[in-house]
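Got chain A; can you put chain B on it based on the hints?
Read top to bottom, the protein sequences are chains A and B.
Basically our numbering = 1-based index in the first sequence + 263.
Basically our numbering = 1-based index in the second sequence + 263.
Derived from the structure by calculation, the hints contain no laboratory data.
As the structure is a computational prediction, the values presented were derived from the model and not from experiment.
Quick reminder that beta carbons are idealized off the backbone N, C-alpha and C, glycines included.
Just so you know, not all the hints are guaranteed correct.
For lysine-lysine, the following DSSO-like pairs were computed, each having C-alpha atoms within a straight-line distance of at most 30 Å [said to hold, decoys possible]:
| # | chain 1 | residue 1 | chain 2 | residue 2 |
| --- | --- | --- | --- | --- |
| 1 | A | K339 | B | K652 |
| 2 | B | K339 | A | K289 |
| 3 | A | K339 | B | K339 |
| 4 | A | K622 | A | K339 |
| 5 | A | K339 | B | K289 |
| 6 | B | K569 | A | K339 |
| 7 | A | K652 | A | K622 |
| 8 | B | K339 | A | K622 |
Derived DEER-like restraints, expressed as beta-carbon distance ranges [to be verified]:
| # | chain 1 | residue 1 | chain 2 | residue 2 | range |
| --- | --- | --- | --- | --- | --- |
| 9 | A | G428 | B | E405 | 25 to 33 Å |
| 10 | B | Y311 | A | Y461 | 52 to 60 Å |
| 11 | A | E359 | B | N576 | 48 to 56 Å |
| 12 | B | E527 | A | E405 | 25 to 33 Å |
| 13 | A | E269 | B | L457 | 16 to 24 Å |
| 14 | A | D324 | B | H480 | 31 to 39 Å |
| 15 | B | Q293 | A | D459 | 56 to 64 Å |
| 16 | A | E359 | B | C498 | 49 to 57 Å |
Stretches of chain B that chain A covers, calculated by requiring three or more beta carbons in the stretch to come under 8 Å of a beta carbon on chain A [to be verified]:
| # | stretch |
| --- | --- |
| 17 | 270-280 |
| 18 | 345-359 |
| 19 | 372-378 |
| 20 | 400-408 |
| 21 | 438-449 |
| 22 | 470-482 |
2 protein chains.
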Amino acid sequence: MQTPWEYRFAQRTQRMGSSAIRELLKLTEQPDIISFGGGMPAPDVFPYEQFMEACERVLRDQGHLALQYGATEGYKPLREMIVRHTNRLGIEITAENILITTGSQQALDLLGKILINPGDRILVESPTYLGALQAWAGYGAEYVTVPMDEHGMITDALEEALRTGPKFIYVLPNFQNPTGVTLSLERRHKLIELADRYGVPIVEDDPYGQLRYEGEHLPGIVVLDSQLRENGDQCYRGNVIYLSTFSKTLAPGLRLAWVVAPPEVIRKLVQAKQGADLHTSTFNQLVAYEVAHGGFLDQHVKLIQKVYGERRNVMLGAMDAYFPPGVEWTHPEGGLFLWGTLPEDQNAAEVLKAAVEQKVAFVPGAPFFPTGGGHNTMRLNFSNANPEKIQTGIARLGKVLSEKMGQPVSS
Amino acid sequence: MQTPWEYRFAQRTQRMGSSAIRELLKLTEQPDIISFGGGMPAPDVFPYEQFMEACERVLRDQGHLALQYGATEGYKPLREMIVRHTNRLGIEITAENILITTGSQQALDLLGKILINPGDRILVESPTYLGALQAWAGYGAEYVTVPMDEHGMITDALEEALRTGPKFIYVLPNFQNPTGVTLSLERRHKLIELADRYGVPIVEDDPYGQLRYEGEHLPGIVVLDSQLRENGDQCYRGNVIYLSTFSKTLAPGLRLAWVVAPPEVIRKLVQAKQGADLHTSTFNQLVAYEVAHGGFLDQHVKLIQKVYGERRNVMLGAMDAYFPPGVEWTHPEGGLFLWGTLPEDQNAAEVLKAAVEQKVAFVPGAPFFPTGGGHNTMRLNFSNANPEKIQTGIARLGKVLSEKMGQPVSS
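Chain A with its partners taken away, still in its complex shape (with noise of 0.2 Å):
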């Protein structure tokens, strides 16, 4: 049936396009399959107990509030208690400079709308967050690129990227999605002297940076930049705007993130939400924050990364074992996911069809550069299944890249 609807879709609907995982994730959702592909964190580590209490003692004592219109900026006690959690981490800054987003694809959707005109360029790692991507696509991004090794984004190829005019840097330094490596201490620095000198402002995406599992915590950027401040105070400057959020340490079915800015960007990104979802469930904020104040967070985090730090080392075990010579992976210190290479010859699409025949998956590489390449590369997910699953998903994936690289299959 035709409908006039069909003509009449925006011009910036040829440039959204599906996401290719999303399409190759449909294969992998009959129940047999293990899948490496999303980045689910685990059921197994959810605090049901202390949501059932929190939905209670909300439901009870400000009803009239959790269920009623809210804030676009978010609801105050939960942000106060970020600005007190970002002041730990070494930057000054207050409530003025958060809010709150529903979910961190929404603050990808919103700095978007706010900062994007058609063909502006971003500077991106390559590969990046495909998250990004899709949301800025409907605002016209282009994007200039400089690529990762195992110490994250190279930045001796920085320069040259700058000198192009990008409107601003887009980097996840903690356990990058999708490759799981971690920028340097040293690359940090020449990240913001490079940004400093260019006058070329950064958003820092850090969904995973309590999840360290092994190693030392690294500053963020935005903390690296607000020691650049001449008379020594760690004041938030405002070159970094800095993206974190509740779906990794909470529960990501609350849709709850943030943002941190300068006041400014806060009042337009307000601007943006209000035409966008008007503010984010205050139901669920009030939850989040019943959950999460008192400390309880911090304590649950030690539990996660105790869980997936297991799950990872499962993982690179059982990579050792079964996969064949000639594929190569990251060792990621934290976070969901690693990321395997696999020799030119092969076509990571291709493997993957021949995985979800023997009941495996996972995503291949290749959405996740935006100026084209990886078409060798995949990503892993090590988070949502169990440590049983893992072995025996990593076996069958050993086994299907030994057959697609003609080597005999380990046992």
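Chain B only, in chain A's frame:
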């Protein structure tokens, strides 16, 4: 402090502007002000007990789903519940026709994103819903307007507007925000007939359709349009995109609404929603389903009708008693708002300033007119304040109006 961001705001932000209403309502946040300004439901009618029980059941039995990422389209049982509800209204659709959105505001934003090219004209009632104007400002919408009277959009003026080539018609047929008026059955038929003749599709926004306090329910535009099918069965034709919400029947704090549209429109909206917020809170969808299914909503709507119907009567009675001659107002058969018109020489924004000093507030009407006008109009909400406050507030406002209009204050 200057930051690099303020030089980087996208061109579209110049059109966005902050909501005039929002700025005015900030004046009214003092606790001793009686505000008829917002569009908030009464906290008295929120079903707290049902929410408490639903949260417990959902977290106990389906917590692993409720707290996890979910499908962009929405929670299948909730979509199917909406399908049954829509079928009962008289049109046959399936879950392929439904998208769950983060409030109706998001539905408006996503429709803007997939349909509006900069400069496209949208045909709207004048005045119309301010949230639509806010959502579409960022997409560069222009407007062609059709005036209203007490029977809604004046369809005699519609044909001339249709000949300007609008992309679609946006209409709120039931208890319109801001005027509270309802489009008559005769004009509904005329609207559909003319839209069909010119091949221009319709977006029907119906947040309040169930909240009728007097008179007969009128079939929706989407229902009447379905009856145009030549073979006589009431299948959804796809010419009308229909929006509705749980904000007025359950609770706005959940941010839960839905779109009924042809599958090809739903697919585009899903792509846009992926980039905008991935999906609407799974937790809220499961809780709303748990509260709403099995007939609770029908029974609950009767309570809301009783409470709001009484408040409307109290407000209308108080206006009769306290407003000076020369002020006119609508008699809404449902919804949350009524609309006042002052003499031409009065400016409602000036009246508001005087009113706030007397501790009462409303929304001046001018921002609801996309192409100007309405300086002497005002929107009054009757759902949020209780009858006693409505009496007191309208008495205060009557005094302010009498003074402004140079008439003796009625006692």
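Checklist entry - Hint by hint, which ones does the structure fall short of? => result Hints 3, 4, 6, 11, 15, 18, 21 and 22 contradicted; others consistent.
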